[in-house]
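A.B. asks: If you read the sequences in order, they're chains A and B.
Here my numbering is used: the first residue of the first sequence is 1, the next is one more, and so on.
Here my numbering is used: the first residue of the second sequence is 1, the next is one more, and so on.
Treat the hints with care, since some could be wrong.
Stated by the list, open to error - In silico BS3-like cross-links for lysine-lysine, where the CA-CA straight-line distance does not exceed 27 Å:
no., chain 1, residue 1, chain 2, residue 2
1, B, Lys104, B, Lys78
2, A, Lys18, A, Lys36
3, A, Lys18, A, Lys53
4, B, Lys55, A, Lys40
5, B, Lys73, A, Lys41
6, A, Lys38, A, Lys19
7, A, Lys19, A, Lys40
8, A, Lys9, A, Lys22
9, B, Lys78, B, Lys55
10, A, Lys9, A, Lys40
11, A, Lys22, A, Lys41
12, A, Lys40, B, Lys116
13, A, Lys9, A, Lys36
14, A, Lys53, B, Lys104
15, A, Lys9, A, Lys53
16, A, Lys53, A, Lys22
17, B, Lys78, B, Lys116
18, A, Lys9, A, Lys38
19, A, Lys38, B, Lys55
20, A, Lys40, B, Lys73
21, B, Lys104, A, Lys9
22, B, Lys78, A, Lys53
23, A, Lys36, B, Lys55
24, A, Lys40, B, Lys78
25, A, Lys19, A, Lys53
26, B, Lys70, B, Lys116
27, A, Lys22, B, Lys70
28, A, Lys53, A, Lys36
29, A, Lys41, B, Lys78
30, A, Lys41, B, Lys104
31, B, Lys73, B, Lys55
32, A, Lys22, A, Lys40
33, A, Lys19, A, Lys41
34, B, Lys73, B, Lys104
35, A, Lys36, A, Lys19
36, B, Lys104, B, Lys55
37, B, Lys70, A, Lys41
38, A, Lys19, A, Lys9
39, A, Lys38, A, Lys22
Hints are computed from structural coordinates only; laboratory data are not their basis.
For clarity, every value in this text was computed on a predicted model and none was experimentally measured.
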Amino acid sequence: DTEVTQTPKHLVMGMTNKKSLKCEQHMGHRAMYWYKQKAKKPPELMFVYSYEKLSINESVPSRFSPECPNSSLLNLHLHALQPEDSALYLCASSQVPRSTDTQYFGPGTRLTVL
Amino acid sequence: AQTVTQSQPEMSVQEAETVTLSCTYDTSESDYYLFWYKQPPSRQMILVIRQEAYKQQNATENRFSVNFQKAAKSFSLKISDSQLGDAAMYFCAYRSAGSSNTGKLIFGQGTTLQVKP
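This is chain A alone, in the form it adopts within the complex (with noise of 0.2 Å):
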């Protein structure tokens, strides 16, 4: 089983409203990954995790906060975001962030701020 799953599938919020994104894996993977991406651009890492400790933080706005409670699931909270926050948000998870192992991308939240 290589999949990496990720709820809600597509996510409308206001500038005022709090909202989490949701990643899972069962694969046993002790990395994963945050990345968002505009249409037709590449991906850009947002956040790593590592042992479910937070390992890079590519200078995110705080509007964006990430957790991980345990090895399986990722959220991704959001609050206060601005319409140039919409995008599709790709969660990512590999064995461990050192490896050369491949990453697996979930299929997203496409997220929409009015």
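Please build the complex by placing chain B on the supplied structure of chain A, with the hints as guidance.
C.D. replies: Same frame as chain A, but now just chain B:
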């Protein structure tokens, strides 16, 4: 810092024909990995093929093969016998190895491949 460049924003190929997508990269590292990812419209990004920099032999996965030229820092993807299902955006990506590896993938800008029936 490492960079990845895909100079072909769009390509098209006739079904059953062969197409080559270009990728160049810049790095001062000697140990790294290169990947081609495929992202069909509104669908999941999946790994097509990967290449270890220390391996001279070009990677092959069924109809997909790469031409890895380490000295030229070139990593092109050849798709043989193109199928309609190959239509997608293709991203070339770089990842450091060894002690420099943070898990970060550096992507090129992507090439949109159209397959004509």
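A.B. asks: For every hint, state whether the structure bears it out.
C.D. replies: How the hints compare with the structure:
1. B:Lys104 <-> B:Lys78: Judged against 27 Å, a Cα distance of about 25 Å means the pair holds.
2. A:Lys18 <-> A:Lys36: holds, 18 Å
3. A:Lys18 <-> A:Lys53: Holds - the C-alpha atoms of Lys53 (chain A) and Lys18 (chain A) are around 23 Å apart, at most 27 Å.
4. B:Lys55 <-> A:Lys40: violated, 32 Å
5. B:Lys73 <-> A:Lys41: holds, 22 Å
6. A:Lys38 <-> A:Lys19: holds, 19 Å
7. A:Lys19 <-> A:Lys40: holds, 25 Å
8. A:Lys9 <-> A:Lys22: Distance ~10 Å between Lys9 (chain A) and Lys22 (chain A) Cα, so the pair holds.
9. B:Lys78 <-> B:Lys55: Distance ~18 Å between Lys78 (chain B) and Lys55 (chain B) Cα, so the pair holds.
10. A:Lys9 <-> A:Lys40: holds, 18 Å
11. A:Lys22 <-> A:Lys41: holds, 23 Å
12. A:Lys40 <-> B:Lys116: holds, 20 Å
13. A:Lys9 <-> A:Lys36: holds, 14 Å
14. A:Lys53 <-> B:Lys104: Given that 27 Å is the threshold and the Cα spacing comes to 16 Å, the pair holds.
15. A:Lys9 <-> A:Lys53: Distance of about 26 Å is within 27 Å: holds.
16. A:Lys53 <-> A:Lys22: With a Cα-Cα distance of about 17 Å, the restraint between Lys53 (chain A) and Lys22 (chain A) holds, given a limit of 27 Å.
17. B:Lys78 <-> B:Lys116: holds, 17 Å
18. A:Lys9 <-> A:Lys38: Roughly 16 Å separates the two Cα atoms, so the pair holds.
19. A:Lys38 <-> B:Lys55: Outside the cut-off at roughly 34 Å; violated.
20. A:Lys40 <-> B:Lys73: This hinted pair holds, its Cα atoms lying about 25 Å apart.
21. B:Lys104 <-> A:Lys9: Holds. Lys104 (chain B) to Lys9 (chain A) sits at ~24 Å (cutoff 27 Å).
22. B:Lys78 <-> A:Lys53: violated, 39 Å
23. A:Lys36 <-> B:Lys55: Violated. Lys36 (chain A) to Lys55 (chain B) sits at ~32 Å, over the 27 Å cutoff.
24. A:Lys40 <-> B:Lys78: holds, 22 Å
25. A:Lys19 <-> A:Lys53: This hinted pair holds, its Cα atoms lying about 22 Å apart.
26. B:Lys70 <-> B:Lys116: The given pair, whose Cα atoms are some 32 Å apart, is violated under the 27 Å limit.
27. A:Lys22 <-> B:Lys70: Roughly 39 Å between the alpha carbons, so the hint for Lys22 (chain A) and Lys70 (chain B) is violated.
28. A:Lys53 <-> A:Lys36: The given pair, whose Cα atoms are some 20 Å apart, holds under the 27 Å limit.
29. A:Lys41 <-> B:Lys78: holds, 22 Å
30. A:Lys41 <-> B:Lys104: Between Lys41 (chain A) and Lys104 (chain B) the Cα gap is close to 17 Å, so the pair holds against 27 Å.
31. B:Lys73 <-> B:Lys55: holds, 14 Å
32. A:Lys22 <-> A:Lys40: holds, 23 Å
33. A:Lys19 <-> A:Lys41: holds, 24 Å
34. B:Lys73 <-> B:Lys104: holds, 19 Å
35. A:Lys36 <-> A:Lys19: holds, 16 Å
36. B:Lys104 <-> B:Lys55: Measuring from Cα to Cα gives roughly 21 Å; hence the hint holds.
37. B:Lys70 <-> A:Lys41: Between Lys70 (chain B) and Lys41 (chain A) the Cα gap is close to 26 Å, so the pair holds against 27 Å.
38. A:Lys19 <-> A:Lys9: Holds, at about 13 Å.
39. A:Lys38 <-> A:Lys22: holds, 19 Å
Of the hints listed earlier, those the structure fails to meet are numbers 4, 19, 22, 23, 26, 27, in rising order.
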